[in-house]
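Just so you know, the sequences run in chain order B and F.
Those letters in the first sequence? Residues 919 to 1410, per the working numbering, in order.
Those letters in the second sequence? Residues 43 to 368, per the working numbering, in order.
Please keep in mind that the hints were generated in silico from the structure rather than gathered at the bench.
Even glycine gets a Cβ: it sits at the ideal position worked out from N, Cα and C.
Some hints could be false.
Stated by the list, open to error - Computed footprint of chain F on chain B; a stretch qualifies when at least three of its residues, placed anywhere within it, have a C-beta under 8 Å from a C-beta of chain F:
(1) 1235-1243
(2) 1248-1259
(3) 1283-1291
Unchecked claim - The calculated label-pair distances, taken between Cβ atoms and stated as ranges, are:
(4) B/Asp1258 to F/Phe169: 18 to 26 Å
(5) B/Glu1185 to F/Gln196: 50 to 58 Å
(6) B/Ser976 to F/Arg170: 36 to 44 Å
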Amino acid sequence: MTEPVLSLRGISKRYGPLQVLKNVSLDVHPGEVVALLGENGAGKSTLSGIIAGSRMPSEGSMTWLGQPYAPATPREAIDKGVVLIHQELQLLPQLSIAENVFIGRWPMKNGVVDRKQMVRRAQEQLSRLNLHIPASRKVAGLSTASQQLIEIAKALALNAKLLILDEPTAALGGAETEALFEQVRKLRSEGVGIIYISHRMDEIKRITDRIVVLRDGERVQEFADSATPVRTIVESMVGRSLDRLFPALPQPTDRPVLQVSGLTSAEDSFRNVTFDVHAGEILGIAGLIGAGRTELVRAISGADPISAGTIRLEGEELKLRSPKDAIAKGIVMVPEDRKDQGLVVEHRIGENIIYANLDKLAGKWISSRAKRSFAEKAVAKFGVKGRAEQHASDLSGGNQQKVVIAKWLMRDPKVVVLDEPTRGIDVGARAGIYDIIVNLAKQGVAVIVVSSDLEEVLGVSNRIMVLAQGNQAGILSRDEANDVSVMELATI
Amino acid sequence: MVALDINEQSRPSRVWLSKLTGATGPLVGLLVLCIFLSISTDAFLSLRNGLNILDQITVLGIMAVGMTFVILIGGIDLSVGSVLALSMMVMGWTANIAGMPMPLAVVFALAASAVSGLLVGLLVTMFRVPAFIATLAMMSAARGVANMITDGQQIVGFPDWFTMLAIDRHFGILTATVFLMLAVVLAAWVFLHFRAEGRMLYAVGGNPEVARLAGINTQVVTIAVYVVSAVLAGLAGIVLAARLDSVQPSSGFGYELDTIAAVVIGGTSLSGGAGGIGGTLIGVLIIGVLRNGLNLLNVSPFLQQVIIGVVIVLAVGAETIRRRRA
Chain B
919 MTEPVLSLRG ISKRYGPLQV LKNVSLDVHP GEVVALLGEN GAGKSTLSGI IAGSRMPSEG
979 SMTWLGQPYA PATPREAIDK GVVLIHQELQ LLPQLSIAEN VFIGRWPMKN GVVDRKQMVR
1039 RAQEQLSRLN LHIPASRKVA GLSTASQQLI EIAKALALNA KLLILDEPTA ALGGAETEAL
1099 FEQVRKLRSE GVGIIYISHR MDEIKRITDR IVVLRDGERV QEFADSATPV RTIVESMVGR
1159 SLDRLFPALP QPTDRPVLQV SGLTSAEDSF RNVTFDVHAG EILGIAGLIG AGRTELVRAI
1219 SGADPISAGT IRLEGEELKL RSPKDAIAKG IVMVPEDRKD QGLVVEHRIG ENIIYANLDK
1279 LAGKWISSRA KRSFAEKAVA KFGVKGRAEQ HASDLSGGNQ QKVVIAKWLM RDPKVVVLDE
1339 PTRGIDVGAR AGIYDIIVNL AKQGVAVIVV SSDLEEVLGV SNRIMVLAQG NQAGILSRDE
1399 ANDVSVMELA TI
Chain F
43 MVALDINEQS RPSRVWLSKL TGATGPLVGL LVLCIFLSIS TDAFLSLRNG LNILDQITVL
103 GIMAVGMTFV ILIGGIDLSV GSVLALSMMV MGWTANIAGM PMPLAVVFAL AASAVSGLLV
163 GLLVTMFRVP AFIATLAMMS AARGVANMIT DGQQIVGFPD WFTMLAIDRH FGILTATVFL
223 MLAVVLAAWV FLHFRAEGRM LYAVGGNPEV ARLAGINTQV VTIAVYVVSA VLAGLAGIVL
283 AARLDSVQPS SGFGYELDTI AAVVIGGTSL SGGAGGIGGT LIGVLIIGVL RNGLNLLNVS
343 PFLQQVIIGV VIVLAVGAET IRRRRA
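Could you build the full structure based on these sequences and the hints that come with them?
Here is the structure:
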């Protein structure tokens, strides 16, 4: 075996009395993809922060290509060739790709930025990644997938020997994920070491050579065999045996609640979509990124305009001009972006729950006590681990999502739409969200779940509708649906 | 967990205070300022001077309430000074040149203000003009109209009962104008705390997309807020007219900056969604007490401006640091 590019020995990290990393050792060899796996709070980001120089370890040592390595700043790490690519992309949208790639280290000539050279060298990196976009183009307007690749191009331009990818596929669909994987494999064959952080088990098993599991700041296990069952890996992550991830689905009734017919987006993001959702039924919507799934459910929830087609609720045709209209009729949405659309994260949990119910209180006096008891009721009812007066930003992703769901469920909705309900939520907390979804169906609510996670759509839906490039590719029953049949339709 | 419990128990004594003010830091600042001035000057600590300060802050206080609403929803209103002048000139013209009764003149003045607020609100919502630009345009336009009404001339002399509103101290304490300001402040506080419509301002300011998806009509909220801000600026103009017994189109020049300063000193966040009326009242009092005290100390008006600038930075800086720690 080759010499490791990076070795960690006995790394610990304490914040005051809180120990977030305990005695972690890790080797990364050139041309190897190591998965770093763990629940939220297991210490993955702290560890990657230490490697990338944004945090200092309390104990332990690192070596880089045989030399002692202790970066005090990200800059130092980057100079050595360690680049961390964050989950949230850090590109400047109004600047060109080339400028983003060389930001902070513009190629100079005679004391001025050599734009020609900059564009040329950026283009080289892009073509190395099979990305055929002019490097002089602005970043704004590019797909998330392309932006992700530009981040990687940026790392390559810095001559990275170790890449840390933090949830690189969180915002990618199937085809984009494939494209990314192809590039990851190519980098691996060029001898770049890669640390890959993700929640998606199937991806990890496909792309990584080894899986290192962290739990509560400790390295608990390593799996080198790609045949290890997912369940074994997940159990090692959560530290207990999982009886089940998805609850048993109830039998839907034959009473249609929501009837959508010939629905077409005003922005042409989907066309001529027709389906029913029955009381007590969970309809999954699958498809690649850009297939129009989010746009479709936003239109049903009154958030985006339509140009043709009808939406009927219990037989009554709806004319939705705003989310307010949809909510008044009983159609509520848990949006895909929790932090930007679901919650005011700086505000208290109680306030956030109240915001969805203000119309009921409008024109009336509301006392602080009534407000608090209302919120506390919602918090208790949905098993949110937190108190009404806590700020939403203090909660974990899973608990934040429960708040977003809870704020709607106090209204007894008829249709609940959940867009990517478990994005960025760790496996342990997911089961809780699935329980809530299935319970809704049991109470006779018509539920729509949009998800890029195939396992999730398959596990939680009575029927699955697949969209491909804005067209309805088909509706599969639970018996017909499996990952192959869904992907076939999605890639039509 | 133990630490949490202790926190819970030590809270109640402070809770009502912070609820009332929304910002304990500025309150401490105000108290320190008052103690300092009481020691360093003879004239500061007296009922008479206290009532003077109240008289001096009525115009700023009324405008700052409207500005608090605007800043809470994440907006800004640069037009309040000009709308104040517009309101004054409309009132003066209606009463003294057109010869109509004073109450009707007041109604016209407020109506003119409301129209300018409505225009700003429509620009911001329907045409998506940034609030800074829309109110900057209104600041220029309203000032222009105010000048056009009398071709830049002032109008002097209103009925005695009108000017007495700002002079006559009922029960030996409050003038009608001070009472009006306190009533506006109280009403605004109650509105923000106990009405669903008040909570909507926080939701819209916290994140407009979250608010919209939660079924709040953000456009109506935004338009209403700019109308209220303009009407309160117009009301402040009427109070100023009563105090001066005259109206002139150059009135209220630069008031928008004082108003924004008062709101920001009071701890309302310029990014929206956080703050409140209690803090604004304290911000207004800090500016009022500071001006009064610096005059008593014979500090030159130019130096006063520098000091107020320093106070704004201190207040906002302290608040930012406090929040980061919390």
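Status of the hints after comparison with the structure:
1. 1235-1243: With 3 residues close enough to chain F, the hint holds.
2. 1248-1259: holds (count 4)
3. 1283-1291: holds (count 4)
4. B/Asp1258 to F/Phe169: 18 to 26 Å: With Cβ atoms ~24 Å apart, the hint holds.
5. B/Glu1185 to F/Gln196: 50 to 58 Å: About 55 Å separates the Cβ atoms of B/Glu1185 and F/Gln196, which means 50 to 58 Å holds.
6. B/Ser976 to F/Arg170: 36 to 44 Å: violated, 50 Å
Of the numbered hints listed earlier, the single one contradicted by the structure is hint 6.
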